[in-house]
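*Asks:* Listed below are the residues making up each chain.
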Amino acid sequence: MSIVWSEEDIERMSEITDEDIQSAAVMWRTNAPEEAKDILDAEAIDE
Amino acid sequence: MNESRYRWNEIAGRYIGQNGRFVSFATVRFYLDETLDSHERKVLGLAQQLREGTITVSQWQLAMRDAIKDIHLASGSLARGGWKQMSQSDFGRVGNELRFQYAKLNQFARQISNGLPLDGRFVRRAVLYAQAGRVSYTSALTQEMALRGMNEEKSVLAAADHCSECLSEAAKGWVEIGTLINIGERICKSNCRCHKEFRRV
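The listed protein sequences correspond, in order, to chains A and B. Taking this note's numbering, the leading residue of the first sequence gets 1, the next gets one more, and so forth. Taking this note's numbering, the leading residue of the second sequence gets 1, the next gets one more, and so forth.
Chain A on its own, in the form it takes in the complex (with noise of 0.2 angstroms):
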């Protein structure tokens, strides 16, 4: 049988934790091409 989700399930984890965004980076690092395997980790400047 599937979980049935209600509403709430769905808002509830539609939600992003800082979990979530190292394993995020994890997938990307695994599945990403060699040269970018870090473009994700880019720091910002202004110019």
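Careful, some of the hints might be misleading.
Claimed, not checked - Capping the alpha-carbon separation at 27 angstroms, the derived lysine-lysine pairs in DSSO-like fashion look like this:
id, chain 1, residue 1, chain 2, residue 2
1, B, Lys172, B, Lys189
2, A, Lys37, B, Lys84
3, B, Lys84, B, Lys172
4, A, Lys37, B, Lys42
5, B, Lys189, B, Lys42
6, B, Lys172, B, Lys154
Think of the hints as simulated: they come from the structure by calculation, not from any bench. Remember, predicted model here, so these are calculated numbers, not experimental data.
Given the coordinates of chain A, assemble chain B onto it according to the supplied hints.
*Replies:* Chain B in isolation, oriented as in the chain A frame:
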């Protein structure tokens, strides 16, 4: 977070590579496509496990939920210049997409529980979730470009097979920003390999 070879020009909304030049829109899209294609193996693996009965529908649903969050967080962040540039508003934009995707996944899982055949169509539909990061990326990128004063966009075909809508959108050339059918919302859905370019005139 780690040291990066890339920098982000906040005013232009563009990445700068090691050569000091802007990284092209096509190159950034290539990075995203490669990443989504690679991550697709995880989604395919989950679909296969469900077909073989080694995981339950609820286990599949939860694993898909986590994979979808990874995909949309990374894709949204790519459009925004990386993790360090993400604001609460940017995370909110990702959250909105997650609400939509989770509602669709909820419906999909219920259909499976109700006897939807776990055939090739099921696998292709599951894979669309893995590829849907393109929608998040292009939507966020278009908003970012509009915020920076870009007022025109065009759709550029990739070296791939094209659906009729991609061909017709590309044939329009430069048009007002936000008026093209978004990547992922055309006939080819989230498999779309086209990318968008932007300019201010």
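*Asks:* Quick one, are Lys189 of chain B and Lys42 of chain B close enough, alpha carbons at most 27 angstroms?
*Replies:* 20 angstroms, holds
*Asks:* When you check the alpha-carbon spacing of Lys37 of chain A and Lys84 of chain B, does it fall within 27 angstroms?
*Replies:* 15 angstroms, holds
*Asks:* For Lys172 of chain B and Lys154 of chain B, compute the direct alpha-carbon distance and say whether it is at most 27 angstroms.
*Replies:* With a Cα-Cα distance of about 7 angstroms, the restraint between Lys172 of chain B and Lys154 of chain B holds, given a limit of 27 angstroms.
*Asks:* Mind checking the alpha carbons of Lys37 of chain A and Lys42 of chain B for me, to see if they're no more than 27 angstroms apart?
*Replies:* 18 angstroms, holds
*Asks:* Holds or violated: Lys172 of chain B with Lys189 of chain B, Cα cutoff 27 angstroms?
*Replies:* Given that 27 angstroms is the threshold and the Cα spacing comes to 19 angstroms, the pair holds.
*Asks:* Lys84 of chain B and Lys172 of chain B were given as a pair; does the straight-line alpha-carbon distance stay at or below 27 angstroms?
*Replies:* 36 angstroms, violated
The structure fails hint 3 only (numbered hints given earlier).
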